[in-house]
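Colleague: Sequence:
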Amino acid sequence: MLRLGEFHKLIIDRDVEPGLYLRNDDGDEVLLPGKDMPKSFRLGEVIEVFVYLDHKERPIATTRQPLIQTGRFAYLRCTSTTGIGAFVDWGMDKELLVPFANQEDSMRKGDSYVVYMGLDEVTGRLVGYTKLSKFLRCEKSDLKRYEQVDLLVSHFTELGANVIVNDRHRGMIFNNSIFEEIHVGDRMKGYVKNVRVDGKLDIVLQPEGERGVADSTALVYAAIEKNGGVLPLHDKSSAEDIYAMLGISKKVFKRAVSALYKERRIELNKDSISITAGRA
Numbered sequence: 001m002l003r004l005g006e007f008h009k010l011i012i013d014r015d016v017e018p019g020l021y022l023r024n025d026d027g028d029e030v031l032l033p034g035k036d037m038p039k040s041f042r043l044g045e046v047i048e049v050f051v052y053l054d055h056k057e058r059p060i061a062t063t064r065q066p067l068i069q070t071g072r073f074a075y076l077r078c079t080s081t082t083g084i085g086a087f088v089d090w091g092m093d094k095e096l097l098v099p100f101a102n103q104e105d106s107m108r109k110g111d112s113y114v115v116y117m118g119l120d121e122v123t124g125r126l127v128g129y130t131k132l133s134k135f136l137r138c139e140k141s142d143l144k145r146y147e148q149v150d151l152l153v154s155h156f157t158e159l160g161a162n163v164i165v166n167d168r169h170r171g172m173i174f175n176n177s178i179f180e181e182i183h184v185g186d187r188m189k190g191y192v193k194n195v196r197v198d199g200k201l202d203i204v205l206q207p208e209g210e211r212g213v214a215d216s217t218a219l220v221y222a223a224i225e226k227n228g229g230v231l232p233l234h235d236k237s238s239a240e241d242i243y244a245m246l247g248i249s250k251k252v253f254k255r256a257v258s259a260l261y262k263e264r265r266i267e268l269n270k271d272s273i274s275i276t277a278g279r280a
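First residue of the sequence shown? That's 1 in full-length UniProt numbering, and the numbers climb one at a time after it.
These are computed hints drawn from the structure, not numbers from a lab.
It should be emphasised that the depicted structure is a prediction, and the values quoted were computed from it without experimental measurement.
Worth double-checking, as some hints may not be accurate.
If you anchor each label on the Cβ, the simulated ranges turn out as follows [as the list claims (entries may be wrong)]: (1) Phe100 x Ser238: 46 to 56 Å; (2) Asp241 x Lys189: 18 to 28 Å; (3) Arg264 x Arg187: 32 to 42 Å.
We treat Cβ as the ideally placed atom computed from N, Cα and C, and that holds for glycine.
Just need the whole structure built from these sequences, with the hints factored in.
Modeller: Given below as structure tokens:
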């Protein structure tokens, strides 16, 4: 079975006038239209394609990259609204329908939304959802503290930025852990700070733990070297100045400076830090 909204590695079976017929090992076939055919190919060759439904609701293959896949989330622009719902651009010829029943709030043309793509339970067609809660796992995750994760910012509250973690879990970056401007729809790397009993994740944007100390220590020392052996930052510097110069929080900076000082690699001055004399 060729699952819709996913990539498949298929065999080029035959070359016909509309394009190439591809098949899997079970004999399931799909057409790759001529406009998406590779410039050179040979029968029997394996090719990776994305499978979706065309305007006539027929399975079709493409070599183009969609903006979203089944079971994933993406930030997509609404191109139109109709009597059955809203349509969003997901990089394919046929736009993705987000039915009214699947919308958290009424969607407006020109605005962008975090969308989940899945199969409609009745029709089996690919549809979008902006009601995201049921697609985010609530059970305790198997993610470990300090583990690096992929993030998608879904919305903001008074507490901070709500993020989708690894396309599966709910996460929160609290305001006191945000040191850069972030927006809904932004994708970035983050790190697990805490796994709560309710399964939600506390996320930070800089690494913590042993890895975080090692990474930030190397970053700070390299910055001092690059700046001629002296960096105009110290423990009284503002968090904004530290982030502007190094891209890390004040807490991470102070931890790195402490580690470097204990190793006698730097000296602490009144208004700067510098490489220890004799090491530069």
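Colleague: Compare the structure with each hint and give your call.
Modeller: We went through each hint and held it up to the structure:
{"no.": "1", "hint": "Phe100 x Ser238: 46 to 56 Å", "in the structure": "48 Å, holds"}
{"no.": "2", "hint": "Asp241 x Lys189: 18 to 28 Å", "in the structure": "24 Å, holds"}
{"no.": "3", "hint": "Arg264 x Arg187: 32 to 42 Å", "in the structure": "40 Å, holds"}
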